[in-house]
Amino acid sequence: MDVFLQQLVNGLSLGGIYALIALGYTMVYGIIELINFAHGDVYTLGSFFALAVLTGLGVAGEVHGPALIGVVLITVLAAMLCCGLTGVLIERLAYRRLRNAPRLAPLITAIGMSFILENVMQLWRGPSPVAFPSVIPNPTLHLGSIDVGAKQILVIVTAVVMMFALQLFIYRTRLGKAMRATAQDRDAAQLMGIDINTTIALTFLIGSALAGAAGFISGVYYGTTWFFNGFEAGLKAFTAAVLGGIGNIAGAMLGGFLIGLIEAMATQYIPQGAQWTNVVVFSVLVLVLIFRPSGLLGESLPEKV
Amino acid sequence: MKRARLAAILPFLVLPLVPLLDRNNSHIDFLANAGAFIVLALGLNIVVGFAGLLDLGYAAFFAIGSYSYAMLASQQFGIHIPFWVMLFVASVIAAIFGILLGAPTLRLRGDYLAIVTLGFGEIVPQTFLNLTQYTNGPNGISSLDQPSLFGRGFGFSATPYYEVMLALIALAVFLASNLQSSRLGRAWMAIREDELAARHMGINTTAAKLAAFALGASFSGLAGVAYAAKLDLVSPDQFQFNVSVLVLSMLVLGGMGNIWGVIVGSFTLSFINGFLLPQSTNLAHAMHLNLDFTNYRFMLYGVILVAMMLFRPEGLIPSRQRQAELREAKLDPALLAEEQAEYTGGAR
Amino acid sequence: MAPLLRLTDVRKTFGGLVAVNDLSFEIEAGGIVAMIGPNGAGKSTVFNLITGVYEPTSGAIDLDGATLCGLKTFKIAARGVARTFQNIRLFAYMSALDNVMTGRHSRMRASLFDSLLHTPGQRGEERRVRERARDLLRFVGLERQADDYARNLPYGGQRRLEIARALASEPKLLLLDEPAAGMNPKEKSDLIELIRRIRDTGITVFLIEHDMHLVMNVSERIAVLDHGEKIAEGAPEVVRNDERVIEAYLGRESTAPH
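Residue numbers (this note's numbering), protein chains in the order written: chain U, 107 to 411; chain Z, 87 to 434; chain Y, 122 to 379.
If you are wondering where the hints come from, they were derived from the structure by calculation, not from laboratory data.
Quick caveat, the model's predicted, so the values are computed rather than measured.
Here a beta-carbon is modelled for each residue, glycine too, at the ideal position from N, C-alpha and C.
Just to be clear, a hint being listed does not mean it is correct.
Beyond 12 Å from chain Z on every Cβ pair, some chain Y residues (computed) [unchecked claim]:
1) ALA150
2) ARG320
3) LEU371
Label pairs and their calculated CB-CB ranges [what the hints assert, rightly or not]:
4) Z:ARG398 <-> Y:GLU176: 43 to 49 Å
5) Y:ALA187 <-> Z:ARG398: 49 to 55 Å
6) Y:ALA187 <-> Z:GLN219: 51 to 57 Å
7) U:SER234 <-> Z:SER228: 23 to 29 Å
So here's chain U without its partners, still in its complex pose:
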């Protein structure tokens, strides 16, 4: 039982990162029906940007005291800003022109962007995993026989807070309403005077910024980063978005945590589980897309004849 609960905690922190990445996938898909393949790499880019800032600030290990807040804020904001801009740039350069093209064209373009980003990062920091400073002290809380690290709590809390913030934004602000309108009916939204280009750019900005934050958190949590992280993490986060219901923000959160849990449980309970987690998660992806493509929280939309 204790093992189970321990894995529960592990799974939730793993899932928190996936959830943050999944939010970006689901937002972009919701608004322009594009699977932004490069999104996972924007997440990795977040950790790279964060690493650059931390190196610049001279941070090599943990930071203690009030300086910690400053360091974290600067780094997170820098990562989010840089990633957000990267996302906007990618959309402007690569995806905007293909908005009315057959659906496969932007998907292929997205794959191309993903490859470019990965290569850039490989050239930036080399082909091997790179060490990432611990930054945040990580005392362990002992709840009975379960060990919960401070960082794990941080990940989970951050993910949940971000989701609530995003929900508030989408449902309580004008810009958020514009995003929802554009997602539902682009032409009608345009006729209502909504600037589609800005709205879509904003979607990419927010989604990519969240991925950037996830990148920072991931670096801090795992103590390492690698140019190729984004491919796998991206696919798993996409699985999470689909599982929860693509286009649905709460769904991305739910899906993220679920995938994290599935991974943790698979590692624990399947013999030689660590090897098979990818197969398990990708199988979930395949199964969800085949049997319930609308996901857990999405509505099934029949095809119109």
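Take the given structure of chain U and dock chains Z and Y to it, following the hints.
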């Protein structure tokens, strides 16, 4: 019509003579490898170019073809099916998997279909990696049976493999072009244009799509056997996502749907990969520049994909139909209504 | 003798909406029958039910006495039902000739093996089908546009091409969904003549149309649908003067004496 066919056959009469003219084994080796990828590209072209099914996990079938050879023609299990028979056996095995992995995708929309194939494309090599007792895991299977013809083994020279690849390419071109101008080829085009209308023509769209997956996969079965035999090693890292993307890039570059376009695209990328990048690196080193262009390989694929999609989605050598399709807006009911209004308004 | 097409108490609901309400209807072989009714009456739905795009919620649809219910669209097409669509559904980037050749798909015998190897049998069949396709294009007056992309044909030409494509399978029953939409008067009178010529080849024509003049002119029998129900049926003159029909089209006010 006859002139076109002659022009098509001519290369296959001339190219086998190349090893006589160029004695450099590494050149022939490169050509043989490039040949395998041409066969792969022709296979993927059936799925993506003809039938319009975006398969992002094509490397999985390449893996199945290669591992079939590794398991049925080596010391691994003590089974030694001859190379020439394996060509047939592996293409059948791959075709079966084509149907198995294709079937679940049939009711999915284009981008979801792509992602599911990507999922399978990850699951298959990962499975080969994990089933260590059968596949030797990350080390892969080596010491594969050497192919032989009329009692003479292929040996270490690349030339016999080169000739085999040429023969496979000729076969692939023959079959693919036949398919394109056949009842099935038209059915694929119709499905791509308007699946609902295609059904009303009596086209069994499910069977047609499965046929595309099966036939496309069978080509990679052929390529897989020949490549495995040549490399004398089969390991999971040969079949990662980047291989699927590489083959897709060949199609995007050359011209999806157009057989000769695909061959040109495939060879061009192989050339860049296997020749241009390493030679440029050598040149840079000779000029005392510490640049390794082979590290830019994936950026190159990426740039090709993005640039082609933005500026020339129909490819370098397009099929006429694709060019029209991708350049103009599709037949649009709203557009029609507009024209309709014009007609009825004017006629009064 | 069994009617060619028989609908028996066919009902189709979409969630709470009843699109077709206990419709019973028969068509004898070898004639021209029309279905009319205000917009949204469920006419295209009936076509979609016949060709298997939808399955009836209840009721039966039979062709030559054999049921069509539960059959997939491609099988129904092979049984001899062909159609055109309200919003033209041609294969836009295939030539007119290829469109018509594709129409013949269900009658072609080339197997996968034949297609892979271009066997003499396959080549002969392709030749014959191509010839026949040209004949059909001639039949609808499009022989000179054989190699044009369907998309590039003028509007009226596209409608005629769709008909040629539907005829390619030698159907027993031809469903025409608003074939005259968007046509000018000359094209419409040509269409009437074309429909008659089709009927003369032995094909039964069942059409949906809004142009009353055309419908009254070309049909032998008319059924009127309103809100998914058949409200009248019979010869053109009868239907034209039926009170319920007038009311359905024009609303209650029309029954007031002028």
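Against the structure, the hints:
Annotated as non-interface, ALA150 (chain Y) keeps its C-beta farther than 12 Å from every C-beta of chain Z; the closest such distance is 20 Å. Listed as outside the interface, ARG320 (chain Y) is consistent with that label: its C-beta sits roughly 21 Å from the nearest C-beta of chain Z, beyond the 12 Å cut-off. The Cβ of LEU371 (chain Y) lies farther than 12 Å from every Cβ of chain Z, with a closest approach of about 21 Å, so its non-interface assignment holds. In this structure the supplied range 43 to 49 Å holds for ARG398 (chain Z) paired with GLU176 (chain Y), their Cβ-Cβ distance being about 44 Å.
Between ALA187 (chain Y) and ARG398 (chain Z) the beta carbons are some 51 Å apart, a value that agrees with the proposed interval 49 to 55 Å. Checking the proposed 51 to 57 Å range against ALA187 (chain Y) and GLN219 (chain Z) shows it holds: the Cβ atoms sit about 55 Å from each other. The beta-carbon spacing between SER234 (chain U) and SER228 (chain Z), approximately 26 Å, falls within the hinted interval of 23 to 29 Å.
Of the hints listed earlier, there is not a single one the structure fails to meet.
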